[in-house]
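My request is simple: use the sequences and hints to build the entire structure.
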Amino acid sequence: MEEKQQYQPAPPANGKAIASLVLGILSIIIPWVGFILGIVGIILANKAFKEISSYKQGGRGMAVAGLTTSIIGTALYALFILVAFIGLATFSMY
Numbered sequence: 480m481e482e483k484q485q486y487q488p489a490p491p492a493n494g495k496a497i498a499s500l501v502l503g504i505l506s507i508i509i510p511w512v513g514f515i516l517g518i519v520g521i522i523l524a525n526k527a528f529k530e531i532s533s534y535k536q537g538g539r540g541m542a543v544a545g546l547t548t549s550i551i552g553t554a555l556y557a558l559f560i561l562v563a564f565i566g567l568a569t570f571s572m573y
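In terms of the working numbering, the sequence shown is residues 480 to 573.
Treat the hints with care, since some could be wrong.
[Claimed, not checked] Think about it this way: if two alpha-carbon atoms lie no more than 25 Å apart in a straight line, the pair counts; the simulated SDA-like pairs of lysine to any residue are:
1. Lys529 with Gln484
2. Lys483 with Ile497
3. Lys526 with Gly540
4. Lys526 with Phe514
5. Lys535 with Phe570
6. Lys529 with Ile504
7. Lys535 with Gly494
8. Lys529 with Ala498
9. Lys529 with Phe570
10. Lys535 with Thr569
11. Lys526 with Gly494
Calculated directly from the structure, the hints in this document are not laboratory data.
Everything numeric in this text was worked out from a predicted model, so none of it was measured.
Right under this line is the structure:
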């Protein structure tokens, strides 16, 4: 007689990890507001990492992806804003 294997369901994904991933993607796509969304995404990803390790939840991969996309979005728009300020300062001198 065959024994059926019992699979345990995956732990539920952390909500902050999902929100961090969404905000990270939006921070890359949406201009100007993307800088703020990226910062919020970074904060949520850090909180998600702490909750995932404390409460044994799922969603660590989403938190990593959210942190990565948030950092990319924030750095992209920070560089864009820096170049815009340098350009304005350069042209205002002439």
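Status of the hints after comparison with the structure:
{"no.": "1", "hint": "Lys529 with Gln484", "verdict": "violated (32 Å)"}
{"no.": "2", "hint": "Lys483 with Ile497", "verdict": "violated (33 Å)"}
{"no.": "3", "hint": "Lys526 with Gly540", "verdict": "holds (14 Å)"}
{"no.": "4", "hint": "Lys526 with Phe514", "verdict": "holds (19 Å)"}
{"no.": "5", "hint": "Lys535 with Phe570", "verdict": "violated (55 Å)"}
{"no.": "6", "hint": "Lys529 with Ile504", "verdict": "holds (21 Å)"}
{"no.": "7", "hint": "Lys535 with Gly494", "verdict": "holds (13 Å)"}
{"no.": "8", "hint": "Lys529 with Ala498", "verdict": "holds (15 Å)"}
{"no.": "9", "hint": "Lys529 with Phe570", "verdict": "violated (47 Å)"}
{"no.": "10", "hint": "Lys535 with Thr569", "verdict": "violated (53 Å)"}
{"no.": "11", "hint": "Lys526 with Gly494", "verdict": "holds (10 Å)"}
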